[in-house]
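Residue numbers (the numbering used here), protein chains in the order written: chain A, 1 to 478; chain B, 1001 to 1515.
Check before you lean on any hint, since a few could be wrong.
What the hints assert, rightly or not - Restraint ranges, calculated between C-beta atoms of paired labels, are given here:
(1) A/GLU10 with B/GLU1392: 19 to 27 Å
(2) A/GLY278 with B/PRO1096: 45 to 53 Å
(3) B/LYS1043 with A/GLY166: 54 to 62 Å
(4) A/GLY165 with B/GLU1415: 43 to 51 Å
(5) A/ASN361 with B/GLU1097: 19 to 27 Å
(6) A/PRO364 with B/ALA1040: 45 to 53 Å
(7) B/LYS1414 with A/GLN188: 51 to 59 Å
(8) B/PRO1096 with A/PRO364: 50 to 58 Å
(9) B/ARG1203 with A/PRO152: 35 to 43 Å
(10) B/GLU1339 with A/LYS94: 36 to 44 Å
Unchecked claim - Here are the computed lysine-lysine pairs in the PhoX-like style, where the Cα-Cα straight-line distance is at most 20 Å:
(11) B/LYS1047 with A/LYS66
(12) B/LYS1416 with B/LYS1091
(13) A/LYS421 with B/LYS1416
(14) A/LYS158 with A/LYS177
(15) B/LYS1420 with A/LYS83
(16) A/LYS77 with B/LYS1304
(17) B/LYS1033 with A/LYS380
(18) B/LYS1460 with B/LYS1088
(19) A/LYS380 with B/LYS1469
(20) B/LYS1469 with B/LYS1043
(21) A/LYS13 with B/LYS1420
(22) B/LYS1460 with A/LYS421
(23) B/LYS1100 with A/LYS77
(24) A/LYS94 with B/LYS1460
(25) A/LYS379 with B/LYS1469
(26) B/LYS1214 with B/LYS1031
(27) B/LYS1416 with A/LYS94
(28) A/LYS94 with B/LYS1414
(29) B/LYS1191 with B/LYS1017
(30) A/LYS94 with B/LYS1418
(31) A/LYS66 with A/LYS28
(32) B/LYS1304 with B/LYS1345
(33) A/LYS82 with B/LYS1214
(34) B/LYS1047 with A/LYS458
(35) B/LYS1091 with B/LYS1469
(36) A/LYS83 with A/LYS94
(37) B/LYS1098 with A/LYS379
(38) A/LYS379 with B/LYS1033
(39) B/LYS1091 with A/LYS458
(40) B/LYS1021 with B/LYS1214
Rather than coming from a laboratory, the hints here were simulated on the basis of the structure. For each residue, glycine too, the CB sits at the ideal point set by N, CA and C.
The primary structure of each chain is shown beneath.
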Amino acid sequence: MEGSIAGLRETFKSGRTRSVAWRKNQLKAVIDLINENEQTIYKVLHQDLGKDPAESYRDEMGVILKSANYALSCLDKWVAPKKAELPLVFFPAKGEVLPEPVGVVLIFSSWNFPITLALDPLIGAISAGNAVVLKPSELAPACSSFFIETIPLYLDNKAVKVIGGGADVGERLLELKWDKIFFTGSPQVGRLVMTAAARHLTPVTLELGGKCPAVVDAFSSHSKTKVIAKRIAGGKWGLCSGQACIAVDYLLVEEKFASTLIELLKKNIKRFFGGNLGDLKCVSRIVNKHHFERIYHLLKDPHVASSIVHGGSVDEERLVIEPTILLDPPLDSEIMTEEIFGPLLPIITLKNIEESIDFINSRPKPLVIYAFTEDGTFKKRILSETSSGTVTFNDVMVQFVCDSLPFGGAGQSGFGRYHGKYSFDTFSHEKAVLHRAFFPELEPRYPPWNDFKLRFIKLAYRFDYFGLILLLLGLKKP
Amino acid sequence: MAREVEKKAVFDTDSAKEVVKELRASFVAGKTKSYEWRVAQLKALLKMTEENEPQIAAALRDDLSKPELESYIYEIAMLKNSCRLALKEMKRWIMPEKAKTSLTTFPSSAEIVSEPLGVVLVISAWNYPFLLSLDPVVGAIAAGNAVVLKPSEIAPATASLLAKLVANYLDSSCIKVVEGAVSETSALLEKKWDKIFYTGNGRVARIVMAAAAKHLTPVVLELGGKSPVIVDSGINLQVSIVLILLHVCFLCDLHADILICVFQVATRRIIAGKWGCNNGQACISPDYIITTKDYAPKLLDSFKRELEQFYGKNPLESKDLSRIVNSNHFARLSKLLDEDKVSGKIVHGGERDKNNLKIAPTILLDVPLDSLIMNEEIFGPLLPIIMVDKVEDSFDVINSSGTKPLAAYLFTNKEKLKEKFVATVSAGGLVVNDTTVHLAEHTLPFGGVGDSGMGAYHGKFSFDAFSHKKAVLYRGFACDAFVRYPPYTRRKLRLLQALLGGSLLSIIRALLGWS
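The shape of chain A in the complex, shown without the other chains (with noise of 0.2 Å):
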């Protein structure tokens, strides 16, 4: 391993992966590692995870080949150094921002989406120029044997590497030095992470997760309320079954509202996924035992079990969760103290829908806050009080699939961020360069000093031209 990392080094070192021409290519390998086994990527996320196809292609590899093609239509632009504005005082000067690959990076990914959260931010490190080390979550095993396989088949075996294997793995590869960490995954293994970089002052990129809230406020018309229960619905347990960072974990409602809400959701789950547990379709599962035995724990308490008022059945044999929603389960209760990261929604009822900014500011930051509200006040009220990575209104985990918008938490929920030119930026050193001519050149900037001087550089400091001017005319007194 610490042989194939020296490799890549060396390739770093020849330059070959800061030509754009390089860069471009490997873009368009992983398109074409995308499109090339589309059916063989379906099988590995249904192994893994249960996921159908079209959540497979609308989760994992439509937004691959989305964030590649807008890599690659917009790559000339970032490499392009930034002009910086300078004062008059230097003139004559240039001075630029120029973005350089920060080296040789490391990405963990996470097994709930396997392949986006692998592949998107590869996607940055390869634009930004770097050589690149995967190291793909054990716990998707079949994406992650996947990966080992095909992607030396076709992206620069010299520059991008993927390492397979546990904790023990993962472990020795945050003993070497790296020039960037991106890592996605929980707060724990967050912690180590950072806590290993440190001994190399590499920086990282965290991107965990957190109880993300689901303000429900607009009930104006029966037709939006529908709308707002099929987006929640589609966006908890439609998206590998709630095993989403961004997954809404919470609903905060008003007391008045909650039973309408609850009838709603119902239906959709009806419409969506079936009847009863034998018969659930397009539901991914829970991804291994360990998890499942978590969330089945959430439940068994017994102040948690009394508030279910749909669902709860789980099938062992399958690791499948039933839908599941529950009405105020105790809010000491570790339902709503941990990330539930699963198919469970707890609705928490308020008297009024304004208490919810206190509610979640009383709990650390989540990645997204989601808000279903027409009340422009109430919009601004959460936005400008609360804080989280994103803000989305009046819908659920769209916010994943805009380019222009940066995506990473805040606080507890990680930091760094990534998503279109983002992810270029963060596995980017912005280099400030400043061209000087020789002349004319300023003499108060040196010693000896003298009263004359400090009252020049004093000028210059506040750009005061006609100042300076009298003052070298001998007009000017102190």
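With the hints as your guide, set chain B onto chain A.
The following block gives chain B in isolation, referenced to the frame of chain A:
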């Protein structure tokens, strides 16, 4: 004095907890978020600096014997400029940035909102104790954060002046100075911050980042490194003579003192960046020079000549040179000079005055690359010159060191060489034909890469360093693509492929069932 020591010793984890609690309460109450508060604090900071220039210069003289003019140029004026710029531009900085949305999410609008991170910690350094303490604070205030500043204990006069001034001028419920050394810093680092901004060395930076990891706190690390200067032998001085004469004609009888011959611009700019910046104790000071074997003797001659013009025949007596900050650093620098394979290489200077902590500008020629002086940041008035056969070889010398410096400088007239320098040398910032001036340029991000740190600041970059960029997406209720929802069918899959592709034509084709 004894009482003061006692008072400082009681700043422990509990006191840190209290400080953070108070500031967090102010932040949560929304005090620091208002535009008016930010303006008022920045104005107060500006006023504080303007009204206390003599005291600030005096503190810097106590801590470092810093010449008044240097204090003015690099600390006081720079800070005032930062405040003024933030006051002028802040309105624009805090405006949400519109973001484009695609067909995939139609109809929608999007923006990126800058919001304060919360309660932040600034730990600063002793070499520019005034500027490096308050310049990050300007960014933190502009972005709407509550701040704790921990100035360096190695510049005690400035630290206590800062504590006094900040308490007098700024809103003490949101901005506080905590004085102290290792134990106080450790107590602060145990707490949860929303950002830590550290200026200093790599060893402490690792401790800071590891402490930050416990709370998942993002960090900016402003470190140093061995910033090289490449001097190309081809700097042609004769071409410039005409310009020099013009210079002279225009100004001759007015101010003879500013006319000192313009010969050897490169040399003077290196001197200004090295010894004129706190006697080399600056993170962006030139650390060593690389030049060709042929040119080295000429360069050395011009250094000798210019140094004498600047600092006189006996530089230890010069009022225009800072002293070494303390005896530890004096001993560290002495050790670098006294190493066996290095001590014989001194070709200029080398005089030391242990009692007054002064070291004269010292140049060493052809020191071995495996010597101590070539393997750690010098951070003092010693300047080794490394010789190469061809100037192009300099890039290998820099890149083979394996570490990325904070700054790299090149003096040349050759366009090709400039291009190659910009493309192959990785450093926080590059300057062609000058040294250190990029620091004063607020449109350029200032920060390191690799071992010289991470994150950047100055101007808008300071504001950004202390802001969270919140993505906001507004959607309407209309236009819900049914394909987003289960049950999934083959037709939905095709339509999805078209939708994510963003091509209107293929969407229509898919809708009509043609694909």
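Evaluation of the provided hints:
no.	hint	result
1	A/GLU10 with B/GLU1392: 19 to 27 Å	holds (21 Å)
2	A/GLY278 with B/PRO1096: 45 to 53 Å	holds (49 Å)
3	B/LYS1043 with A/GLY166: 54 to 62 Å	holds (57 Å)
4	A/GLY165 with B/GLU1415: 43 to 51 Å	holds (49 Å)
5	A/ASN361 with B/GLU1097: 19 to 27 Å	holds (24 Å)
6	A/PRO364 with B/ALA1040: 45 to 53 Å	violated (31 Å)
7	B/LYS1414 with A/GLN188: 51 to 59 Å	holds (54 Å)
8	B/PRO1096 with A/PRO364: 50 to 58 Å	violated (24 Å)
9	B/ARG1203 with A/PRO152: 35 to 43 Å	holds (40 Å)
10	B/GLU1339 with A/LYS94: 36 to 44 Å	holds (41 Å)
11	B/LYS1047 with A/LYS66	violated (52 Å)
12	B/LYS1416 with B/LYS1091	violated (42 Å)
13	A/LYS421 with B/LYS1416	violated (30 Å)
14	A/LYS158 with A/LYS177	holds (18 Å)
15	B/LYS1420 with A/LYS83	holds (19 Å)
16	A/LYS77 with B/LYS1304	violated (47 Å)
17	B/LYS1033 with A/LYS380	holds (14 Å)
18	B/LYS1460 with B/LYS1088	holds (11 Å)
19	A/LYS380 with B/LYS1469	holds (16 Å)
20	B/LYS1469 with B/LYS1043	violated (25 Å)
21	A/LYS13 with B/LYS1420	holds (14 Å)
22	B/LYS1460 with A/LYS421	holds (19 Å)
23	B/LYS1100 with A/LYS77	holds (16 Å)
24	A/LYS94 with B/LYS1460	holds (19 Å)
25	A/LYS379 with B/LYS1469	holds (17 Å)
26	B/LYS1214 with B/LYS1031	violated (28 Å)
27	B/LYS1416 with A/LYS94	holds (17 Å)
28	A/LYS94 with B/LYS1414	holds (16 Å)
29	B/LYS1191 with B/LYS1017	holds (7 Å)
30	A/LYS94 with B/LYS1418	holds (13 Å)
31	A/LYS66 with A/LYS28	holds (12 Å)
32	B/LYS1304 with B/LYS1345	holds (15 Å)
33	A/LYS82 with B/LYS1214	violated (36 Å)
34	B/LYS1047 with A/LYS458	holds (16 Å)
35	B/LYS1091 with B/LYS1469	holds (16 Å)
36	A/LYS83 with A/LYS94	holds (8 Å)
37	B/LYS1098 with A/LYS379	holds (17 Å)
38	A/LYS379 with B/LYS1033	holds (17 Å)
39	B/LYS1091 with A/LYS458	violated (26 Å)
40	B/LYS1021 with B/LYS1214	holds (19 Å)
The structure shown violates the earlier hints numbered 6, 8, 11, 12, 13, 16, 20, 26, 33 and 39.
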